[in-house]
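Based on the provided sequences and hints, a complete structural model is requested.
So the protein sequences, as listed, match chains B and X.
Residue 48 in my numbering sits at position 48 of the first sequence; the count goes up by one each step and never skips.
Residue 285 in my numbering sits at position 285 of the second sequence; the count goes up by one each step and never skips.
Mixed in with the good hints, there may be bad ones.
Each computed SDA-like pair below joins lysine to any residue, with the alpha-carbon atoms no more than 25 Å apart [to be verified]: (1) X:K91 <-> B:S79; (2) B:K89 <-> X:P213; (3) B:K85 <-> X:Q285; (4) B:K67 <-> X:P213; (5) B:K41 <-> X:Q347.
Simulated from the structure, these hints should not be mistaken for laboratory data.
All values reported here derive from a predicted model rather than from experimental measurement.
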Amino acid sequence: MKNTEEILQALKENFPDFSFELKSDLPVEGFIICNPLVIDKISHFLHDNPELNFDSLINLSGVDEIKANQLSVYYHLESTELKHKLVLKVVTDRNSPEVASVTDIWKGANWHEREAYDMFGIKFLNHPDLRRILMPYDWEAGHPLRKDYENPEFYQGMKVPF
Amino acid sequence: MINTKSSAIRTEEMVLNMGPQHPSTHGVLRLELALEGEIITKVTPHIGYLHRCFEKHCEAMTYPQIVPYTDRMDYLASMGNELGYAVAMEKLLGIEVPQRVEYIRVIMAELQRIASHLVALGTYGADIGAFTPFLYCFRDREKILHLFEITCGARLLYNYIWVGGLSHDLHPDFVRKTRDFIKEFKPTIKELNDILSYNKIFIDRTANVGILPVKTAINFGVSGPNLRASGIKWDIRKDDPYSVYSKFDFDIPVGKGTHGTVGDSWDRYFVRILEMEESLKIIEQALDQLPDGDVQSAIPKRIKPNAGHVYGRVENPRGELGYFIISDGSTTPYRVKVRAPSFVTLQILGELCKGYMIADVITILGSIDIVLGEIDR
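Laid out in structure tokens, this is it:
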């Protein structure tokens with residue numbers, strides 16, 4: 001069982017070129033911020049390393065941080081064997097949001113990433129099937145959980161009632 | 001003469017739509033089945049028919065106003081949804097709630113687990129063609145709903161567990177009626193076993209169908225009874241205890257492959273039966289130890305957490321229910337993401353169904369026990 005500081009140390013040793021930042025000043029849970037385009041490599045390491053053994057992705061959620069003009073994704077990882085947990089965060093630009101997909105490592109990430117794409121428009125690179133999931137496939141009015149989203153007046157020629 | 005050799009017949013893949021209006025999809029779910037004859041080659045679930053923008057709504061409401069909306073996600077386990085939200089919010093606020101509140105919450109959550117499993121088991125039997133157990137299960141579930149009704153006035157959508165407390169204290173008759181229910185319910189589990197669990201036809205339909213290996217289950221993030229049926233002891237009540245679960249003595253049933261392979265549909269079914277017995281144990285202990293106190297003393301007058309984020313989770317009847325809440329320091333949340341157990345579990349349907357027949361899709365879908373209300377949120 002390892003805490004976030006020890007995991008950060010292991011990551012820094014294994015990926016000397018990548019930047020990591022630990023944020024633990026917020027109440028409740030600390031998290032590690034890493035680069036969105038290498039999150040798949042980092043995840044591979046976290047999953048395969050026997051001392052870390054993060055075999056389960058509990059949750060993946062997109063967040064719109066409109067004030068900083070960025071979109072972010074939070075990953076909640078857990079090891080069912082070693083019983084430790086980790087929160088990762090990646091930050092990407094709001095105008096061209098691109099994050100590497102972790103579907104290869106945790107298959108359960110598939111729908112979570114589709115949901116983040118559907119709701120925030122975050123593009124997950126190398127995702128096998130990046131379609132909308134909760135909204136209609138032909139929804140053209142953007143991504144509803146973005147803070148500046150506005151409901152369209154019409155959907156496929158029909159008036160949107162609310 | 002007709003050549004019956006299969007190699008001589010040209011076959012073509014057929015696509016069949018099952019749902020959205022179909023009694024065995026347990027809600028509005030559309031399955032796109034790719035078929036080779038009657039053998040499934042691919043299943044593509046299409047969801048979103050019940051999307052009600054829960055997460056968007058949350059961003060426009062104050063923290064206490066969200067509670068009734070959580071009820072409507074997994075509508076068969078509303079107490080569990082409320083408990084999950086309360087656990088997450090209390091972690092974010094850093095407040096302690098009185099012991100009596102925690103005990104009542106555990107009793108409610110476990111009664112809800114039994115009620116939810118009864119629906120799962122009953123409808124599972126009905127899907128496969130056994131109609132009588134369905135009526136037995138609903139009869140017993142109605143007794144639990146009556147207990148909820150005398151407590152808070154609602155049968156299904158309670159708004160009972162609030163952040164920091166409860167909306168009402170227990171009804172004076174509650175403890176006696178719950179004990180009566182436990183006494184009546186124990187023999188009916190045996191009855192259900194005789195009529196359905198060990199029924200030869202039922203076993204033939206479910207054993208060795210839809211086998212889920214434990215490695216695949218963890219990789220997909222499957223949780224709850226579906227994961228335990230694959231043979232791993234993983235239960236948040238034990239592994240990451242919340243509320244007062246650490247004070248009770250109970251087992252975690254796992255699938256053993258009694259009639260087939262570990263992790264088949266029968267195991268997933270039977271784990272739920274065993275879990276009901278464990279829930280009864282917890283309720284009995286909680287009723288014996290139930291402390292006195294005021295259930296509303298810890299409710300904050302105004303909920304305004306510091307900026308930060310929290311992930312709170314509970315063991316709901318369908319698996320791990322998690323709330324990821326981001327606060328920006330105001331009275332409304334900045335972002336709420338719900339990790340719905342059924343949403344994650346439904347992803348494995350394609351893996352499980354490959355190579356089985358259409359009739360087995362019903363069996364497998366029933367055995368993973370999904371609720372579309374929380375998948376689409």
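What are the numbers of the hints the structure violates, in ascending order?
Violated hints: 2, 3, 4; rest satisfied.
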